[in-house]
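The two chains are supplied separately, each in an independent frame; assemble them into the complex guided by the hints.
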Amino acid sequence: MALILPGCFAILALAIGLYSMSVRQGAAMWWLLAGGIALLVVAATLLGHSWMATILLDIAELAAVALVWVRGTPAAARAARMYLYSIVPAIGCTLVGLTIIGSGAEAPSLVLQKLAVCLLIIGFALKLGLIPFYFWLPEVAASAAPMSAAVVIAIVDIATFSELAGLREVAPWIFERFAPVWTAIALLSMAGGAVLALAQSELKRMLAFSSVTDLGLLLLGVLAGGVGLTGAWVGALNHALSKVILFGAVGIAEYRLGRPVTLDTRGLAKAIPLASAAFVIGAFGLIGVPPGFGFAGYWRLYSAAAQYGGPPLIAFLVVVAALDLLCYARAIHRTWYGSAPVTLASQQPVYLASGVLTCLAACEVLLGLWPSVLTGFASPLVAQALLP
Amino acid sequence: MIDAVFVPTAVLFGGAALEIVLARFLSRSAKGWLAFAIAVVALLSVTPLLPEVRDGQALSATLLDWDAAVPLAYHVDGLSVLFMLMGTGIGAAILLYSVGYMKEEEHGTTRFYSLMLVFIGGLMVLVCSANLLIMYFAWELIGLCSYFLVSFWYQQQPAADGARKVLIITHFAGYGLLAAIMLLYARSGTFLWTDPAIAAALSTGIVVLMLVAAMAKSVMYPLHTWIPEAMNAPTPVSALLHSACYVKAGVFLVARMYSIGPWQAMAPALLLVGCVTMFVGVVFALKQTDLKRLLAFHTVSQLGYIVTGLALNTGLGVAAGLYYIASHALFKGTLFMCAGAVQHATGTRDLRQLGGLYSRMPVTTGIWIVAAAAIMGVPMTNGFVAKWLLFDAALDAHQAVVVLIAWAVSMLTAFSFLKATVSGFFGSPPSQTSAQQIREVPVSMQLGMGVLAGSCVLFGVAPQLLLVPVVAPAVLSLGFAWDVQTNWLGVATGSDSVGVTAGALAVLTAALLGAGAYRLVRSPTGNAVPVFSGGDPLPIGDRLGPSDFAEMAETAFKPVYSLDPDPIYLRIWGGIRDFAAAVGRVAAARVERHAPVAVAACTAGVCVGVWLL
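Quick mapping for you: the protein sequence lines, in order, are chains A and B. Position one of the first sequence corresponds to residue 1 (the numbering used here), numbered consecutively onward. Position one of the second sequence corresponds to residue 389 (the numbering used here), numbered consecutively onward.
The reader is advised that the hints may include incorrect statements.
Distance windows between CB atoms, simulated [unchecked claim]: (1) 359(A) x 976(B): 36 to 46 Å; (2) 264(A) x 955(B): 23 to 33 Å; (3) 226(A) x 976(B): 53 to 63 Å; (4) 369(A) x 977(B): 43 to 53 Å; (5) 51(A) x 654(B): 56 to 66 Å; (6) 412(B) x 369(A): 15 to 25 Å; (7) 343(A) x 438(B): 40 to 50 Å; (8) 359(A) x 439(B): 38 to 48 Å; (9) 491(B) x 273(A): 20 to 30 Å.
If you want the footprint, here are the derived chain B segments under chain A, 3+ residues with CB under 8 Å [to be verified]: (10) 527-541; (11) 550-557; (12) 566-580; (13) 681-690; (14) 965-972; (15) 979-989.
Residues from chain A that face chain B, not an exhaustive set, calculated with beta carbons under 8 Å [stated by the list, open to error]: (16) 17; (17) 114; (18) 117; (19) 118; (20) 183; (21) 184; (22) 289; (23) 290; (24) 295; (25) 302; (26) 337.
FYI, nobody ran anything at the bench for these hints, they're computed from the structure. Where a beta carbon is used, it is the ideal one built from N, C-alpha and C, also for glycine.
This is chain B alone, in the form it adopts within the complex (with noise of 0.2 Å):
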């Protein structure tokens, strides 16, 4: 029988495979319906191993070996479990709204539904594989299912042109994960990390190269740039990547290095790493007008926050890493399935000609907000109680000036979403849309948005549902204290708290007051907003668009955005490639051109060679 740690992993494989087989019988909706139940199997299946990790226990099995002499062995501690309820958990959301958004899609859907469940399989296996081999095997197949999901319409070259950028950056970066597993096997003569010679065998040197794969993975400035490629996915694959399997595989390899092994000495360059993320991130987002695009370099940033956290070093740090990890998840995801809804009911993701949308999706409008809010850290949602986490943490470990850069980027992330929000909910809708039958989504997309949208505010109210069954046998089994306390509508450290305290409390205030002069002066209708244009007033029908914001950010940050990275990995590209015709045009002339004295030449160096040995 098998082992109940290995059960998930079964089912979202075996579910796969079934897709495969049925595809004949079922209608494409069918497929979606099948796919998330066999999502709600899988997350049903992770719970009961919940109680076995509380305090930081971990459950191993044996399945069978996969090649000769590697076994495919689990580990399975807090940290792999809360992976797992977040892959299969925001999965099952995500295939629930997949099931409208891909109900017209004509061709493809039991490849999507297939990828889909393979890609969370491949993530269950990362996340409790014991053996490092097998942990690089499903690193690389997530990666696959990716790279196969953003070319999902291969015959559209963005999307075409999208996925060879997931592919070479993070396959590239990936090898230097396998020259770290290879090298720490060749050092320990295990691939078992749990195994105490892995620790011994660890140098910085392989440290660096397991980073720098994670890199790749979470997004770290400055092998970022392939994530705003991704965005010609069907919007449910972008939201997959970006909230649960993909980009947190990266700061899984992060927070597993606690348990592999000593590497603490690299956490000052990863907390660096991370803040010039975090910043780069969101002022690369301030000048977007695609949603998707804006949504993408926010996730570039919140990943900054959480490597921040991670890299802390710290049991509070660790903490408000993993606790901002699942709250990315589901805020992001929220983000991402509200854009895909937009498209999906006028066309565009473009923000100069979106407006007005309040009054005709008022679900989906709702749900935004809500979203909004949490990757802001309004209070009363997930992200405030996240970003409090991690401001106290970087208190706690006498980092002011992490504190300082996560404050000035919340303040940007807010700024950036005030834009998005305004400009595609709000005002008059512009020339192009208004004319548009657009309606509100169905309901399957409405659920998977709003399940996640309500768990926001959920552990917002209550993080202590999250925090205790699910974050504390996490930061546990990485071998930290738990020292969070935790109350109803928010968290009360054990640290000194008390600055924290009052920020929220004047935050939470000037939002209920803002709410309230907002409801006074001006009536909920889908008007324009007034806004204050730095002088004169606008013309009468004139508001500031996200084009005008797009051009205040660049002129504002103009020496950000020459630290793009691209110019300069278009120039290495640009390097090999010369560098090989160079190397063909010689090739031809002197050796295939006259072979024979070439065979004569390199038969003398061969003897020379040898005779001199």
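Only chain A is shown next, with the shape it has when bound in the complex (with noise of 0.2 Å):
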């Protein structure tokens, strides 16, 4: 994993650099701060565990919150503000709690580890948008740029869950001890997520929450450990992928659109047919449907938490599961399929972003069909929590 994050994370800012070349996101500023935001992500995961990489990844996530700012709207600069007001303490709470368990491989007295897992608790939360804390989330998915929104969730967000999911391998009593708590947050972030992403009317919303539930199953994957924490490093790196691919077409489709897409938006498909096969791609490989590379997250999460929680537990995978797919099935149905006539602003055709989106869905296959290209090259973790 050492290599794979960064690289993955490298080849995704990547792709986003190209696909904004084609659907301009923003102005210069807006090239510097994204630019930026992947150097320090990339760097932060190259260090893996490490004062360096915290700090590295708080500046990541500080800068996050200009990109949303430069887009100049007020909608954007409201989301901004809710977002730095989530960070700000966010950030406050996970150094303190880092503080205070050190290296993490002692656990201090039971007061200072009770005081550092709330802090570390309420930080992460707050900066993965975790129910209850998720309320900065859907506003940045909506007012940002596409783009913007892809990089905050596809590679701020997931450089700060790989970053949770290290203190898993240095600090496994914060989770083990304190477990109830953690498979709270988790639950509810499962069920919540996917609830509201069903409430939803706007794609980048929908698109938001159901981030909110996948990182949620995530969580449950490190507190389980073993094959749950592979899974987690697994289904993160794909939430990155298909992410940026749901983004990425969302936002070809509002650039030809000239306005959000919403579950009103009719027969987007026949008009930009390759941004809506990328839709759903990503929409399949999101929630683990094979061949997609989400399944290979997936169903290690799925055997973690058969050994973790046992048939309940699984049933209720099973009932988030549902309900992902109910909400991305209508969204593709309702939005990207069927016969109604849509009017185009923008007649200008984007073809070296949807060429960007094409080779990421194919990514996402490929490794789908043959994931131990992967998994076999992340070993030695993948071998030592697979195998007796």
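The following block contains the structure:
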């Protein structure tokens, strides 16, 4: 994972850059901030679990606030403010929490343990937008430029998640001793995210809530450890990949329509077939339908859930997955498929952006068809987790 | 070098890739011929496996690790080979038919042919895999292929809606299979169903989850409602979906349960589901006036027969079920292709707008009649042998009620196909189509249909050609003894089958007498067919049409139509949507609008939670 994660972030950042050359996301400042965030995240993940990595990621988070802000609209400014109000206390909480636990190898006194875990839970929940600390995420997704949202959700959030998953390896007691609270947040995020995603009519808000669901599932994998942790790593990579595809497809639709894409938009596939195909592949990949890459993470997470919580937890996961499927099937069939004519504000084709999405969608399928290309490469972590 | 068991799969997936690579260089017809050739090569690569599994043996091989510590392992036994032959053989015939059918399709032929090949390839993986996780992967792969093929004309709302229903119902139930596999893995530590640890880990709950997944795939009541909605796909898709590759995946899983472990405690429940399904399916078929929807409901009914046979839990029952699987694939594939030919030639599949096609499409009519005879169970067709075996197996298992239900359903099936045949192919054409230039379909389409119809007759006259080399190894592979004795023109079983034989002879005699009488009193022209209307003669030129049949069925079976589960599904969806909307409103009003307060409250909650631990 030490090389795979930064490599994936670099590739996704490159894809976002190429896409944004075709579908403009912002002025020079946007490019500066997006590039800076990518560099910070890649550097942080290369450094692994360390103070320097934490600080670099915190700077990347603050830069992400600015990335949202630079869109210049009142809605974007409001969303950036909410994001800032969330991120600043979150950074404070995680820094203090990490200071208390030190290297993490040895647990401090019980009172300090509890204080540190409280701060870490609140800090990471705020950063990742887990329920009930999610309030900034849908606003940012809806108001920022599509690729800004992708940078926040697919790169910054996943890098933050990798920091959390790294803690599972160096300080497992944080999760094992306080598992009920972590589990409650994970389950609440999964169920709440899935239900709230169904309640949305705007596609980018829907994508934000589905991220909450997915991060809840990934958190569950971290809690379960072993095969679950491997599933969380693989799932995090898939989340990043599919979210860039999904926001990219919606971004092309918005660019061509000149307005946000909602469930009242109809028949987009006729006008923009490649973006439509990418959205469908990204959606199936995200919710773990074979042969998408998501399944490689999902089966591990389900397996971990069967060991961690037995049949009740598996039943819970099935219900959440069913809600996810309902949500994405509705989005695909109401927005993309169908015969209704659609009026495009821009007739300018976006070949480069479509090409980027096609390549990413092909990666989603090819990695799903043969995940051992990646998971085998990810050994010995995978081997340690899977083999007795 | 790749083991021989992987060759059919490799050929099909490689062929799909070839279709994509060569797309720019091939015409629409050439793509079709290429897909057909690939399916034929796959079929030829399956046949050498037949002798290897003849006496119940199995071939095992591992190709590579699909994922870390998840091997792509095959366990090819008689059951696998039966489904492989069916998938590639019928797939090849359907692809041959597609050459003519898709010739005028301007867009998406590469997508169509590559998906069809992946569809068949997915079935190969499903039926050969020794690894339950790979089996689930293939299960969903063919599910996704069917979704994309049903939504082939995604710009048409009915096609898109049908595809969504396919996706939702079958995928929901598929989660049951995934959950079952994960619970098995948690208990046994292996994904290989050939490992005895899996059988030891099997529980009633896990069996139920697997059977529910199988029920949705093989259109068992009440999970059958997706199949009539999938009819807005290109006809080759419908044919493949109904005959070989999709609904059969469900019955494959039911049959495979005999290999996986002791599941027989659930067999009586499945028997009940099979009987209800065969009855409900045929009753719903009776009121249809759309030819493909009519056939779709007959698929529901026929799958009920198959599941009933498999759930009898005897060697004879399993033999009947497996022979029925292959027979159904042949005649249902033929019927769908005929329906597609009718639509191709006339532009409609509405029986109310059809009639008199016999004089304009004699080859298609002949093929239709053969396949219709097979589904009705007329002697000298494979359908007769299948039904005979099933009735005999049910009698042998002391399930007389099953025989009565199956017999009644057979009568209704005959009634339904009489309606379809008379309305579509005989009488005078209605005014809407009489002026149309209706011509026979291209030769490639006729060949595709004809090969399968010929097989219906071949395996009706000489069922031992299918039973001995193909069905018997499959039965043996599931741990049952082979006690079916065969001869020409039918089957004589080891059990007391005098009554069934006498019944079959009576049916055969009646059919021959009927045909003779028809020849004597009428000349085979395209004139209207006179029928007894229940009272005074109808005015000259009038006749009973499909609407009359539909109304009659609706009156006679009104209580059965109230068993349609779709309104319940709709209410469930409405409930979920309203609940989500209510939660969304609360979240917006309480959490998002008052974020600082909400965060403070949640922080306090987390602190209390942590402090209490």
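Results for each hint:
1. In this structure the hint that residue 359(A) and residue 976(B) lie 36 to 46 Å apart at CB holds, the actual value being about 37 Å.
2. Distance hint check for residue 264(A) and residue 955(B): the Cβ-Cβ separation is about 26 Å, which falls inside the suggested range of 23 to 33 Å.
3. At roughly 39 Å, the beta carbons of residue 226(A) and residue 976(B) sit outside the given window of 53 to 63 Å.
4. At roughly 45 Å, the beta-carbon separation of residue 369(A) and residue 977(B) lies within the given 43 to 53 Å, and the hint holds.
5. Range check, residue 51(A) to residue 654(B): Cβ separation about 58 Å, and the 56 to 66 Å hint holds.
6. Judged by the Cβ atoms, the range 15 to 25 Å given for residue 412(B) and residue 369(A) holds: they are separated by roughly 23 Å.
7. Separation of residue 343(A) from residue 438(B) is about 59 Å and departs from the stated range, judged on CB atoms against 40 to 50 Å.
8. For residue 359(A) paired with residue 439(B), a C-beta distance near 46 Å keeps the hint of 38 to 48 Å intact.
9. The beta-carbon spacing between residue 491(B) and residue 273(A), approximately 22 Å, falls within the hinted interval of 20 to 30 Å.
10. Residue count for the region 527-541 of chain B with a Cβ under 8 Å from a Cβ of chain A: 4. That meets the three needed, and the coverage hint holds.
11. Coverage of the region 550-557 of chain B by chain A holds [criterion: at least 3 residues with CB-CB distance below 8 Å; count 4].
12. As drawn, the region 566-580 of chain B meets chain A at 7 residues by the rule of a beta-carbon pair under 8 Å; at three or more, the given contact holds.
13. Closer than 8 Å: that is the beta-carbon criterion, and the region 681-690 of chain B has 0 residues meeting it against chain A, so the requirement of 3 is violated.
14. Here the region 965-972 of chain B counts 6 residues with a CB under 8 Å from a CB of chain A, which clears the bar of 3, and the coverage holds.
15. Requiring three or more residues with a Cβ within less than 8 Å of a Cβ of chain A, the coverage given for the region 979-989 of chain B holds, as 6 such residues are present.
16. Interface hint status for residue 17(A): violated, as the beta-carbon distance to the closest one in chain B is roughly 28 Å, over 8 Å.
17. Satisfaction of the interface hint for residue 114(A) is found here, the shortest Cβ-Cβ separation to chain B being roughly 5 Å, below the 8 Å cut-off.
18. Evaluation of the residue 117(A) hint against chain B yields a held restraint, the C-beta minimum of about 5 Å falling below 8 Å.
19. With a least beta-carbon distance of about 5 Å to chain B, the hint placing residue 118(A) at the interface is held under the 8 Å criterion.
20. Restraint check, residue 183(A) versus chain B: the minimum CB separation of about 10 Å is more than 8 Å; hint violated.
21. Interface hint at residue 184(A): satisfied, since its Cβ lies 7 Å from the closest Cβ of chain B, which is below the 8 Å cut-off.
22. Nearest Cβ of chain B to the Cβ of residue 289(A): about 6 Å, under the 8 Å cut. The hint holds.
23. Of the supplied interface hints, the one on residue 290(A) holds, with its beta-carbon coming within about 4 Å of a beta-carbon of chain B, less than 8 Å.
24. For the restraint placing residue 295(A) at the interface with chain B, the shortest Cβ-Cβ distance is roughly 7 Å, inside the 8 Å limit, so the hint holds.
25. Below 8 Å, beta-carbon pairs count as interface contacts, and residue 302(A) has one with chain B at about 5 Å; its hint therefore holds.
26. The beta carbon of residue 337(A) is positioned within 8 Å of a beta carbon in chain B (closest approach about 4 Å), and the interface hint is therefore held.
Checked against the numbered hints above, the structure violates hints 3, 7, 13, 16, 20; every other hint is satisfied.
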